[in-house]
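Please model the entire structure based on the sequences and the hints provided.
Which chain is which? The protein sequence lines are A and B, in order. Be aware that the first sequence starts at 151, since it is given in this note's numbering, and climbs by one per residue. Be aware that the second sequence starts at 39, since it is given in this note's numbering, and climbs by one per residue.
Please keep in mind that the hints were generated in silico from the structure rather than gathered at the bench. Small disclaimer: the values here were computed from a predicted structure and weren't measured. Errors might be hidden in some of the hints.
Said to hold, decoys possible - Stretch-level coverage of chain B by chain A, calculated; a stretch enters the list once three of its residues show a Cβ under 8 angstroms from a Cβ in chain A:
id	stretch
1	86 to 100
2	117 to 128
3	174 to 180
Said to hold, decoys possible - Computed, partial: chain A to chain B, Cβ under 8 angstroms:
id	residue
4	R377
5	A381
6	A400
7	R409
Said to hold, decoys possible - Lysine-lysine pairs mimicking BS3-like chemistry, simulated, CA-CA at most 27 angstroms apart:
id	chain 1	residue 1	chain 2	residue 2
8	B	K146	B	K183
9	A	K375	B	K146
10	B	K176	A	K375
All C-beta atoms in this analysis are idealised placements derived from N, C-alpha and C, irrespective of residue type, glycine included.
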Amino acid sequence: MRKFGHVLWLLVLVIVELLTLASTLLAVILTFGLGMVFVLPPQVRMIRWVAEVTRDLVRASAGIVIEPPYLPKPPPPQPQADGLYRSHRTLYKSPRMPAWNNLWNWLITDPATWRDGLWLLLDPFIKLMLLPLLILLPGRGLRLYGLWCELLLAATASSRLAGQVNRLNRVRNLAVDTQAAEMRRIERDLHDGTQARLVALGMTIGAAEQLMESDPNAARALMAKAREASAETLTELRRVIRGIHPPVLAERGLGDAVRALAIDSPLRVSVEVDLPHRPESPVEAAAYFAVSELLANAARHGGAESVEIDISGNGQNLRITVTDDGWGGADPAKGSGLSGIERRLAAFDGVMAVHSPPGGPTTVTMELPKVLPQHWAGDLPKLPRWKMITVLFLWSTAWCPLFPQGIVAGVFKLIDFEEKSWFLALYLPEPWQWPTIAFMILLGTAMFVAAVAIPAHHKEAPRAPRPLAGNMGFC
Amino acid sequence: MNRVLVAEDLYLLRDGLVRLLQAYGFDVVAAVESGPELLKGLVELRPDVSVVDVRLPPTFTDEGLQAALQARTKVPGLPILVLSQHVEQLYARELLADGSGGIGYLLKDRVFNAEQFIDAVRRVAAGGTAMDPEVISKLLASNAKNEPLAALTPREREVLEQMAEGRSNAAISQRLYLSESAVAKHTAGIFGKLGLAPSDDDNRRVLAVLAYLNSR
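The structure is reproduced here in C-alpha cells:
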C-alpha cells in the first residue's frame, strides 16, 4: 500500500515539474533574451528543490541513496585591506556585486545545474513511459525510476572529485597559513631576541677590547658581563628551539615527549601511551603541540587539578584523548587555542571532538587518520625464534603436498595419465590413491593457513607494555 | 680520583672540554665521539668520572644518556656527568632513578663558568650529585601545589634549591653568604617540614631531597 502512496506522490510531482519547467523556460528567455539575469538564480534553486524532493522520495521508496552533487556554496566576499571588495579585476565598495558574481558563477559553472535541467525536461516523459509498470508492479517500477534518477541526479565522479579538491585546497591553505604564521613567529623570536642579544654581546666585547690597555679592570668586568650575556642568549635560543621542535620529541618520540610535558606541568598528569611504532615526525610534532596546548589550557583556564592523557594507535589511526577535571565549558569557537589545534590537525585530515559540559569534566579527543606506519614485515622479526623457523619452514614446503602431490597427482589420475613421475599417491595400491591425494591437498592447505595464521595471531595477541627507561611511576 | 673520560661529538667542544679538564689537573684517559665508543670506554676503562654529551652519533638522539644509563646498570654508581643543550626533568629522573649518586646533569652553558663546572665534576667524582639549577627550578615549579614546600620560608627555599643542586652545607654557606651553622639550622628546618629523616651524609641528604621532589 505504501508503494502506491509513493507512486501517487511521484505523479503529483509531475504537476510541480511541469510548472517548474514552464517557469524555467520563461526564466531562460528572460535571462538570455532580455538580460534580466536576476531571475535565473531563484529558478535554479527551485529546480534544485524539486530534485531534492525527488531524491528523498527515491530514497524512501526504492532505497537508492542519491547524494546531492552540487559544488559547495562560495564563501561571502572578504574586504581587502583598503576596505574594498575585489571581484576579478574590478573593485567594489559594497560586497553586493562580488557576492552576486560568486553566486552566478557558482550556479552557472556547476555541471549539476545543467544535469538537473536535462532531468527536469525528460522526467515527465519517463514517468509517463513507466506509468504502466508503476501501477502494475510498483516495486519494480519504483526501482527502475530510482535508477533513472540516479543517472542524472547523483554526484558524478568528477563532481565528487571536485568536492574533494575543494576540501584539499582548503586544508592546504590552512596548512600553508599555519606554517607561514609559525615561520613569522620564529623569525620574530630570533629577530627580537637572539639577534638583538648577539648584537649587544658584540658591542660589549668591542668595548672590552677598547678598555683592555687603559683600564684592564673595567675590561675584565665587561668580559664577565659578556659571558653572562652569552649564557642568556643560549637560554633564549633554547626557548626558540623548543617552540620549533622540542628536543625531547626529536630524541625520544611522542610518548616520552608527552611524559616530559606531564612532569613539567604543575597539574597531576597521568600518561598512557600505546604506540607500537613512531609516527612520522610532522605528525608527532602536531600531536605534541596539541597536547601541550591542551595541558596549558587545562592549567590556565580550566581550573583543573588532574589530567589524563591517552595516546594509542587504532589500526593506522592515531588517537589522543585528553581529559581534565576542570570546570568545563571549553568551546572551540571561542578559544583561539582550540581552533589553533584544529588548524594544525587539519593538515593531516585530523579531527578534534571537544566534550566540555559546564561543570566539567572536559574531554578532548583527537584522531589523525592513516598516519601510523603499517609494519607488517617489521613485526615478523619480533616472533620468537621457534615460531619464526616454523613459519619459514611452512612457507617453503607447503607447496609440495598441495600442488604436485595433491592437485597435479589428482589431475593425472582423473585423465588416467600413464606417467607416474614422482607422485607418491600413484605408486600406492588403487584404494589408497584418492584418500592420499585428498590428504595431501588438505595437508598443503593447512600448512599455508598455519603459515599465515601464526604471525597474524601473534600480531593480535596483547602487546606486552613497552619497558620504560627509568622510574616512570608518577601519576 | 682524576681519570676522566670525555664524550662529545663536536670537535671544538670536545677539545675545549679536554683542555679545561687538563688545566684543572685531570687526566683525560679517553675522548670519544659516539655512543658505542662511549659505552665501551665507560665499561672497560671505568674512569673516575665521565663528562658525557646527551646527543651523540650514530642516531643523534639520546645516545649519550642511554650509554650512561646502561653503563651504570653494569657498573653501579659509576660517576657520570651528563651535559646537554637542554635539560629535561624526564632525563633527570631517569639518571637519578637508581638512587646511587655519583651523577650529574648540567646544561652545556655551565661550562662557561669553569670554576663551578670543575666543582661539579669533582662533586660527581666523589659520589655526589650535580643537578642543573634549571632542573631544580622546574622541579620546584611542578611541585608548586605541594603543601609542605609552600610552608618553607624564602630562605629555606633558597637553601633547598642549593641543596637539591647537590651542594654540601659548607658550599651552600659560601654561596649564600651564611654561616655554616645557620645553613645547618635551615636544613634541619627543611627536613622537619618535609618529613624527611635527617642525615649527616651530604650525598645521601641530596638524594633524599631529590627523591622527595620527584615523588609527586
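Status of each hint after checking the structure:
{"no.": "1", "hint": "86 to 100", "in the structure": "holds (count 4)"}
{"no.": "2", "hint": "117 to 128", "in the structure": "holds (count 5)"}
{"no.": "3", "hint": "174 to 180", "in the structure": "holds (count 3)"}
{"no.": "4", "hint": "R377", "in the structure": "holds, 5 angstroms"}
{"no.": "5", "hint": "A381", "in the structure": "holds, 5 angstroms"}
{"no.": "6", "hint": "A400", "in the structure": "holds, 7 angstroms"}
{"no.": "7", "hint": "R409", "in the structure": "holds, 6 angstroms"}
{"no.": "8", "hint": "K146/B - K183/B", "in the structure": "violated, 30 angstroms"}
{"no.": "9", "hint": "K375/A - K146/B", "in the structure": "holds, 18 angstroms"}
{"no.": "10", "hint": "K176/B - K375/A", "in the structure": "holds, 25 angstroms"}
In this structure, the one hint that does not hold is number 8.
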